[in-house]
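Engineer: Next come the chains, spelled out residue by residue.
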Amino acid sequence: MLFLRQTFTVMAKDLRSELRTKEAVNASLSFALVILILFSFAFDPTSETTREIAGGLLWLVFAFAGVLVLNRSFARELPNDCLEALISSPVPGAALFLGKALANYVLLLAIEVVCLPVFGVFYNVTWYSQPAQLALVLVLATWGVTVVGTVFSALTVNLRLREVMLPMLVYPVLIPCLMAAMQLTTTLVAGDPVAGDQLAWLRLIIGFDIIFTSLAVLLIDTVLIG
Amino acid sequence: MRKHLLLTAGIIAALLLARNIWVMLTQLPDEAFQGAIFRIIFFHVPAAFTCFLCFLASLIAGLAYLKTRSLNIDAFSVSVIEVGLAFGAVNLITGMIWARIIWGIWWTWDWRLTSMLICWLLYAGYLVLRRAIEEPTERAKMSAVMSILNFSVVPFVFFSIKWFRTQHPQPVLFGDGKMDSGYRAMLYGNWVPLLLVAAILISIRYVQEKQQREIDALRREAHMI
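These protein sequences, in sequence, are chains X and R. Read in my numbering, the first sequence has 1001 at position 56, and its numbers run on one by one without any break. Read in my numbering, the second sequence has 107 at position 99, and its numbers run on one by one without any break.
Simulated from the structure, these hints should not be mistaken for lab results. In this text, all values refer to a predicted model and were calculated from it rather than measured experimentally. All residues carry an ideal CB built from backbone N, CA and C; glycine is no exception. Treat each hint with caution, since some may be false.
Listed next, the stretches of chain R that the computed footprint assigns to chain X, with coverage defined by at least 3 CB atoms under 8 Å from CB atoms of chain X [unchecked claim]:
#	stretch
1	21 to 32
2	55 to 65
3	157 to 166
4	221 to 228
Per label pair, the in silico range of CB-to-CB distance [to be verified]:
#	chain 1	residue 1	chain 2	residue 2	range
5	X	ASP1166	R	THR34	57 to 65 Å
6	X	LEU1163	R	TRP30	44 to 52 Å
7	X	GLY1136	R	ASP224	55 to 63 Å
8	X	LEU1144	R	GLY112	22 to 30 Å
9	X	THR1167	R	ARG221	16 to 24 Å
10	X	ASN1069	R	ARG139	43 to 51 Å
11	X	ALA1055	R	GLY43	40 to 48 Å
12	X	ASP1026	R	ARG221	41 to 49 Å
13	X	ASP1166	R	LEU15	51 to 59 Å
14	X	LEU1163	R	LYS218	25 to 33 Å
15	X	ARG950	R	ARG139	34 to 42 Å
16	R	PRO163	X	VAL1084	53 to 61 Å
17	X	THR1167	R	LEU13	50 to 58 Å
18	R	GLY112	X	ASP1166	31 to 39 Å
Every beta carbon over 10 Å from chain X, so not counted as near; a handful from chain R, in silico [said to hold, decoys possible]:
#	residue
19	ARG10
20	ASP38
21	LEU74
22	SER78
23	ILE105
24	ASP118
25	GLY133
26	VAL136
27	GLU217
28	LYS218
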């Protein structure tokens, strides 16, 4: 119970400071919109073509924009040695990590929810014909992205070239999760429900979430404290 | 003593390789469908095995480092990953040469190829991460965490292969593909010298890495004076 409250406190603190300054969210959201628009030059943006590659397009946008949020997650604590203060506080490492991951999760989901209608309008695609399943895919795959991204954010926080290192290290690890999300999202945006063989992708995302959440919770004390 | 041991192992590996290549070229007949180029498999497959054995060793080394905090284990970990990457590159390049002749293209986004490339990039990321951290214990700690995370993705990357259509030949040893026993013997037979080469390289890199750490420590000391 105490653990949950500590997790929630860290999450609330992160969200509050983010919503008051909006530094990561604003940058990330405008970046996402810029990529969405840039994609229209990469291929012929008819609704037919777009529907075929919708999953890949959307998840690339989410992944790029997500890294901006994730980068700030621990970097925000560097000025005034706030990270040291957090580590020396009575909050266990796992609660600190989960709190930060949940805050990032909320921000990423918010960005995705804004991007989806924009995508639908610009590319003339009816993306909402399978709302429940699409929401499920977003919720599960975004957690995978967030949990891995937050670990690597902690891992790279003290590095020179932090902004370069995080995407370089995190994308290869995210490939299975992103690939599965892309497959499922393409199907769902095309209006078909996820069934049969496609369920394997859903299982892959769930497995990815479980394994990396447990690994992250186990390893985070080592990463943060030593 | 160590030098002699390495030299002996090197000579044995060279002799075995020479003997294997001679047998491959003169004794083993061409494969019925692929012709002469199929012989590249005797390097392609053992190189992949060696590569993954190295990555597995890095996982064990990563766990062992977190348990013992011995910097020697960290030196071993970086050595096996570098050698593993070299063998991974051998696997990718021999595969590309084979593909150019049999398929007519250097590369295809088939999943077996792609997943090997992703694994290669994952571990290349490990080396990049190491470069970015100066402090030895910090570097060792982060590298150990990274090697554990990296190895946890490898099965995900590989299991997803099965769900994509693949044009890569089926695994000949454990999968559905079939292989003549003479060829199979050569495949394993050629793995022995490649493993020896890998062991020699790892051993050399391990000593270099330890010496590098000593030099760095002495340099820091000199700076303090």
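Engineer: Taking the hints in turn, state whether each one holds.
Structural biologist: The hints, checked one at a time:
Counting residues of the stretch 21 to 32 of chain R whose beta-carbon sits less than 8 Å from any beta-carbon of chain X gives 0, not enough to reach three: the coverage restraint is violated. Only residues whose C-beta sits within less than 8 Å of a C-beta in chain X count toward coverage, and the stretch 55 to 65 of chain R has 0 of them, not enough to reach three; the restraint is violated. Restraint check on the stretch 157 to 166 of chain R versus chain X: 6 residues with Cβ-Cβ distances below 8 Å, three needed, restraint holds. Counting residues of the stretch 221 to 228 of chain R whose beta-carbon sits less than 8 Å from any beta-carbon of chain X gives 0, not enough to reach three: the coverage restraint is violated.
Roughly 59 Å separates the CB atoms of ASP1166 of chain X and THR34 of chain R, a value that falls within the hinted 57 to 65 Å. Between LEU1163 of chain X and TRP30 of chain R the beta carbon distance is about 51 Å. The supplied range of 44 to 52 Å therefore holds. The hinted window of 55 to 63 Å between GLY1136 of chain X and ASP224 of chain R holds, with their beta carbons roughly 60 Å apart. Restraint check, LEU1144 of chain X to GLY112 of chain R: a C-beta distance of roughly 36 Å breaks the suggested window 22 to 30 Å.
Checked against the given bound of 16 to 24 Å, the beta carbons of THR1167 of chain X and ARG221 of chain R, roughly 21 Å apart, stay inside it. At roughly 46 Å, the beta-carbon separation of ASN1069 of chain X and ARG139 of chain R lies within the given 43 to 51 Å, and the hint holds. A beta carbon spacing of about 58 Å between ALA1055 of chain X and GLY43 of chain R contradicts the range 40 to 48 Å that was offered as a hint. About 29 Å separates the C-beta atoms of ASP1026 of chain X and ARG221 of chain R, a value inconsistent with the hinted range of 41 to 49 Å.
Distance hint check for ASP1166 of chain X and LEU15 of chain R: the Cβ-Cβ separation is about 45 Å, which falls outside the suggested range of 51 to 59 Å. For the pair LEU1163 of chain X and LYS218 of chain R, the beta carbons lie near 29 Å from each other, so the given range of 25 to 33 Å is met. Between ARG950 of chain X and ARG139 of chain R the C-beta distance comes to about 41 Å, which sits within the given range of 34 to 42 Å. Checked against the hint of 53 to 61 Å, the C-beta distance between PRO163 of chain R and VAL1084 of chain X comes to roughly 24 Å, which is inconsistent with it.
For the hinted restraint 50 to 58 Å between THR1167 of chain X and LEU13 of chain R, the CB-CB distance of approximately 35 Å leaves it violated. Judged by the Cβ atoms, the range 31 to 39 Å given for GLY112 of chain R and ASP1166 of chain X is violated: they are separated by roughly 53 Å. Taking the minimum C-beta to C-beta distance to chain X, about 33 Å, the non-interface status of ARG10 of chain R holds against the 10 Å cut. Listed as outside the interface, ASP38 of chain R is consistent with that label: its C-beta sits roughly 38 Å from the nearest C-beta of chain X, beyond the 10 Å cut-off.
A Cβ of chain X approaches the Cβ of LEU74 of chain R within 10 Å, the least distance being about 6 Å, so the stated non-interface status is violated. At roughly 15 Å, the least C-beta separation between SER78 of chain R and chain X is larger than 10 Å, which holds for a residue marked as non-interface. Interface exclusion of ILE105 of chain R from chain X stands, the closest Cβ pair being 25 Å apart, more than 10 Å. The Cβ of ASP118 of chain R lies farther than 10 Å from every Cβ of chain X, with a closest approach of about 14 Å, so its non-interface assignment holds.
The Cβ of GLY133 of chain R does not lie farther than 10 Å from every Cβ of chain X; its closest approach is about 5 Å, which violates its non-interface assignment. Listed as a non-interface residue, VAL136 of chain R fails to keep its Cβ farther than 10 Å from every Cβ of chain X; the least gap is roughly 6 Å. Interface exclusion of GLU217 of chain R from chain X stands, the closest Cβ pair being 20 Å apart, more than 10 Å. Here LYS218 of chain R stays apart from chain X, with its beta-carbon at least about 22 Å from theirs, past the 10 Å limit.
Hints 1, 2, 4, 8, 11, 12, 13, 16, 17, 18, 21, 25, 26 from the list above are not met by this structure, while the remaining hints are.
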